[in-house]
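Single-letter residue listing:
Number of protein chains: 2
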Amino acid sequence: MTFQLHPKLREDTHLITTAADCQVLLMDDARFPWLVLVPQVPDITELYELGEQQQQHTYRAILRISEALARHTQADKMNVAALGNQVPQLHIHIIARYRTDAAWPGPVWGVGQVKRYTATELERTKNALVTILPS
Amino acid sequence: MTFQLHPKLREDTHLITTAADCQVLLMDDARFPWLVLVPQVPDITELYELGEQQQQHTYRAILRISEALARHTQADKMNVAALGNQVPQLHIHIIARYRTDAAWPGPVWGVGQVKRYTATELERTKNALVTILPS
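Sequences listed follow chains A and B, in order.
When you read off a place in the first sequence, starting at 1, and then add 104, the result is the number in this note's numbering.
When you read off a place in the second sequence, starting at 1, and then add 104, the result is the number in this note's numbering.
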């Protein structure tokens, strides 16, 4: 079986890079600096279902990406979460949060209306992220 | 500096056990099988701030506890999250979710009214958890 990104993730995100056998995606919601990490392993829904080596790679990627995003965005707090209630394919949210953002202090999921990036914003954001993220 | 559990966590949870230098707490909300893992490290708010060894211990504890809780509860999905927007002390939520639960498919935080365990329920739940959790 080969890995294929879940259609809902393909629809809602943009690929930034791959790191440690994970796809690093940008959530298409300009309200929050919001990345989604997807280990390229077919048919996995829980973190503990990853193989030993892939667990290590994934955890390292989570830490490195969240630290890099925190520094780049000067976030007040990072949110890191593997939920998957709506999209079962294992994916980890890494979100930079501000005390002034649209959902603070609650979680971001399901809050208000998604604000898609404009083409210009998307280009600028992707370029900046490629520079700061570990590869 | 010594580690002290944040007062809000002390108020909202019950200690079940310690594993890999982390406190394993039961959230006092009988609507969800909900554990909170707190690395016993003072003054830490982000996963990437843990030392190398503590990172490994914490990640291993997250995986082992979430797998054990998933099996014990026959959950439809596990939710694992480090948020900390309201309680900055680093803590990781490990929550067993059901398609029939009070918040599905949304996240559990801030949904509806907390339903505290009765003394009998608490005793029974703690005893069951001590048996199934890794130490």
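It should be emphasised that the hints constitute simulated quantities derived from the structure, not laboratory data.
Some clues are possibly wrong.
Which copy is meant is left open, because identical chains are indistinguishable; a pair holds if it fits in one copy or across any two.
[Stated by the list, open to error] List time: in silico SDA-like cross-link candidates among lysine to any residue, alpha-carbon distance up to 25 Å:
1. Lys230 x Ala123
2. Lys112 x His176
3. Lys219 x Gln178
4. Lys219 x Asp125
5. Lys219 x Ser239
6. Lys112 x Trp213
7. Lys219 x Gln158
8. Lys112 x Ala207
9. Lys230 x Leu154
10. Lys230 x Asp147
11. Lys230 x Tyr152
What hints, given by number in increasing order, does this structure fail? 2, 4, 5, 7, 9 and 10
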